[in-house]
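A.B. asks: So you can see what is in the structure, the chains are spelled out below.
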Amino acid sequence: MNEREEKIAAYIAGLMSQEEKETFERILMGDDTLKREVELCRKSLETARAWAVEEPPGLELVDALKCPTITIRQPGGRAKIVTMVRRAIAIAAIFLLGFLIGKGFPQKWTVKKPISPKTTMVETKPTPAPMPGARETPKIPQEDKSERRITRENGRIIIETTGINTETRSIWVVDGSIRIAQAK
Amino acid sequence: MRWGRHPVDDATLARAAAHGEQNAFATLFERYRHLVYSIAWKITLNVEDSLDVTQNVFARLAEKIGRYQGRGSFRSWLAAIAANEAVNILRRPERRCEMPTEPDIIASIIDEKHEGNNPSKTIETQEQRELVEKAMAGLSPQQRAIFTLRWREEMTPAEIAERLGIPAGQVRSQICHAIAKIRIALPPETLEGKNE
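From first to last, the protein sequence lines are chains U and H. Heads up: the first sequence is residues 1 to 184, going by the numbering used here. Heads up: the second sequence is residues 1001 to 1196, going by the numbering used here.
The hints are simulated quantities; they were obtained by calculation from the structure and are not laboratory data. Any given hint could be a false lead.
Unchecked claim - Now the stretches of chain H that chain U is said to cover, found in silico as 3 or more residues with beta-carbon under 8 Å:
hint, stretch
1, 1133-1143
2, 1146-1155
To be verified - Using 27 Å as the maximum straight-line C-alpha spacing, the simulated DSSO-like pairs for lysine-lysine come out as follows:
hint, chain 1, residue 1, chain 2, residue 2
3, H, Lys1134, U, Lys7
4, U, Lys80, H, Lys1064
5, U, Lys66, H, Lys1134
6, U, Lys21, U, Lys35
Claimed, not checked - Not the full set, but computed from the structure, chain U residues with beta-carbon under 10 Å of chain H:
hint, residue
7, Met1
8, Lys7
9, Ile8
10, Ala9
11, Ala13
12, Arg26
13, Gly30
14, Asp31
15, Asp32
16, Leu34
17, Arg36
18, Ala48
19, Ala50
20, Val53
21, Ala64
22, Thr69
Just so you know, even glycine gets a beta-carbon here, dropped at the ideal spot from N, CA and C.
Sequences and hints are given; from them, build the entire structure.
C.D. replies: The following block contains the structure:
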């Protein structure tokens, strides 16, 4: 099928867009050969359409056919019960999970680590390098043979040191970043 | 179960049949068996195949009528099922070797000539009918199916595409090809005086 035949067929069958149709009709006005071809094609289609709606031979034989019986399969019996039980289990599981999440899991399910009274963990951040020209932090004098007392207060760790020989008393306060206060 | 004096619409009958109402299904069968056969014949061009198609279509419908969603007309839905089934029956490998050749088709058409049973006055001569049938035999089964749904059932190309599950562009090109082939198969002298 060439392009010309295709266009004629599309025009006859009403498959052209409005724009295509107008362009084709403009060409058709000035082309008698095309006009004749279009007319023949239209007649062919009309004949074929008439044939398409005609009663076919052997139509009376259809009357002898028997109507089949409906056999629609619907879920029922054991399969239905199994489906219902599965659904019930799934719903129960969802509810149980929701309840446990909402209430928090029972205490015995969680393991708590006992905090040793002897050890005290103190987290410190690394001290940043001093900026050039910045004032140096005064050094805490080292004390030999001293007594230490560590207490917690409002989340701070207070380390109290009393030197035996020097009889000096220092208090270190640690809260997150290292801040040290000293008292004598 | 009686369906009263007034004709019940197809969608209601289909819904009732989907719920197991045998009488509703029987009404649909009565209403559409000729249509299914006619569409099948226009595609297969053979009486036996058309009877097989009709039987298969209604047997499947008895199982799957619940698939009709009420979208579009029941007639179009059923016509497309019939067209698909007719195309499928021609594609079956065991069927291919039995496919009659073109002269066989024409011979069978002449043999099966339904004398006095032609309601159409638009096909003017037996010669014209034979030529159209020869032209149709020259189309592919899919082209015949598309042609039948387009010009017999007045379905739009988009509707045909949706019902047959093929692209709309393919439907348009198949329609054009079919028209061109028919045009070639029908000599101008046989069309003389037509609608003039």
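A.B. asks: All the hints need checking, so say for each whether the structure fits it.
C.D. replies: Here is how each hint holds up against the structure:
no., hint, result
1, 1133-1143, "holds (count 3)"
2, 1146-1155, "holds (count 5)"
3, Lys1134/H / Lys7/U, "holds, 24 Å"
4, Lys80/U / Lys1064/H, "holds, 20 Å"
5, Lys66/U / Lys1134/H, "violated, 32 Å"
6, Lys21/U / Lys35/U, "holds, 14 Å"
7, Met1, "holds, 5 Å"
8, Lys7, "holds, 9 Å"
9, Ile8, "holds, 8 Å"
10, Ala9, "holds, 4 Å"
11, Ala13, "holds, 5 Å"
12, Arg26, "violated, 21 Å"
13, Gly30, "violated, 22 Å"
14, Asp31, "violated, 17 Å"
15, Asp32, "violated, 15 Å"
16, Leu34, "violated, 14 Å"
17, Arg36, "holds, 9 Å"
18, Ala48, "holds, 5 Å"
19, Ala50, "holds, 3 Å"
20, Val53, "holds, 6 Å"
21, Ala64, "holds, 9 Å"
22, Thr69, "holds, 6 Å"
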